[in-house]
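Asker: Mind docking chain H on chain S? Use the hints.
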Amino acid sequence: MVRAERKGEELMLTCREVTKLVSESMESRLSWRKRVGMRIHFMMCVSCARYRRQLFTIRNLIHNYLSEEESQTDAGDHLSPESRQRMKRALKDAESNESTEEK
Amino acid sequence: MAEEKNMDPEAWVDRYGDYLYRYAFLRLGDHAAAEDVVQETFLAGLSSRSKYSGRSSEKTWLTGILKHKIGDQIRKRIREPIPTDIPALEEQLFNEKGRWKIKLPRWPANPRALLKRKEFRDILTFCLSLLPPRSAAVFSLREMDGLETEEICNNLSISPTNCMVILHRVRLRLRNCLELRWFAPNAKGKS
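Chains S and H supply the protein sequences, listed in that same order. Residue numbers for the first sequence follow the numbering used here, so the first one is 6 and each next one is one higher. Residue numbers for the second sequence follow the numbering used here, so the first one is 21 and each next one is one higher.
Rather than coming from a laboratory, the hints here were simulated on the basis of the structure. For each residue, glycine too, the CB sits at the ideal point set by N, CA and C. One or more hints might be untrue.
Unchecked claim - With the C-beta cut set under 8 Å, the calculated list includes, among others, these residues of chain H facing chain S:
{"hint": "1", "residue": "Tyr41"}
{"hint": "2", "residue": "Glu55"}
{"hint": "3", "residue": "Phe62"}
{"hint": "4", "residue": "Phe114"}
{"hint": "5", "residue": "Lys117"}
{"hint": "6", "residue": "Trp120"}
{"hint": "7", "residue": "Arg126"}
{"hint": "8", "residue": "Arg132"}
{"hint": "9", "residue": "Leu194"}
{"hint": "10", "residue": "Leu198"}
Said to hold, decoys possible - Derived DSS-like pairs (lysine-lysine); straight-line CA-CA distance at most 27 Å:
{"hint": "11", "chain 1": "S", "residue 1": "Lys93", "chain 2": "H", "residue 2": "Lys71"}
{"hint": "12", "chain 1": "H", "residue 1": "Lys123", "chain 2": "S", "residue 2": "Lys25"}
{"hint": "13", "chain 1": "H", "residue 1": "Lys79", "chain 2": "H", "residue 2": "Lys96"}
Next comes chain S alone, as it looks inside the complex (with noise of 0.2 Å):
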């Protein structure tokens, strides 16, 4: 019963592991031990089984704020004005070389 010992052990995960691996799992499928593993915790413990989700959440949220980034044009942040006038600037300069090199 040694081996069946041991492998108990491996099972009891800490919530120091179980963050690494419920990153891991975001990655690629883990291995059976793994999973099981990383239930078993969440059973016990409150904390890693909201980890778990408030990841997911994080994940959820920057998808959806990039495309309500692109759907409206007037959220977050903006181009100081003086930003857009360099710009501008460095477009005009460029394009005015562009033309005299034409010549």
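Answerer: Below, chain H without anything else, positioned relative to chain S:
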């Protein structure tokens, strides 16, 4: 080439400037760097406008150029050393037995509604901007551009193990920042 004649590079600044700037800022987490890549994009657009086929919209075309410029920035940053400050965060969050020191509070059921609030969006971008540049790059390629982890690691010559560690730490950090600034019962951001 009819499109080329209609192109007005200076008007791009007003038409697409804010959009491109936000696109870049979210991915680079740095206002000055975002402005720089947008300006580079406009200049690159100007000199390559004869190659613009007119098949995609001007905005899509410029966004395509911007993506390349952001990629260049990210590759530059990859040479920066791996930050060592994040293990310290793990020490703060977990006790010596590896347990959470403080029970995590519940977050609201419908966080999507939060995105309608400017204060929340500002905090989200603020928390993203606090990430170390190299980590921010890996994270944005993964979560914003939806690339596979393997692809990102290969392109940036980071070992798969390091890539996983970077993503894990970014998530730990970002969650913590959002909690402190917004979700915690006594967070300041909401007022």
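Asker: Now tell me, hint by hint, if it's right for this structure.
Answerer: How the hints compare with the structure:
no., hint, result
1, Tyr41, "holds, 5 Å"
2, Glu55, "holds, 5 Å"
3, Phe62, "holds, 6 Å"
4, Phe114, "holds, 5 Å"
5, Lys117, "holds, 7 Å"
6, Trp120, "holds, 5 Å"
7, Arg126, "holds, 6 Å"
8, Arg132, "holds, 6 Å"
9, Leu194, "holds, 6 Å"
10, Leu198, "holds, 7 Å"
11, S:Lys93 / H:Lys71, "holds, 21 Å"
12, H:Lys123 / S:Lys25, "holds, 17 Å"
13, H:Lys79 / H:Lys96, "holds, 26 Å"
Every hint, counting from the list given before, is met by this structure.
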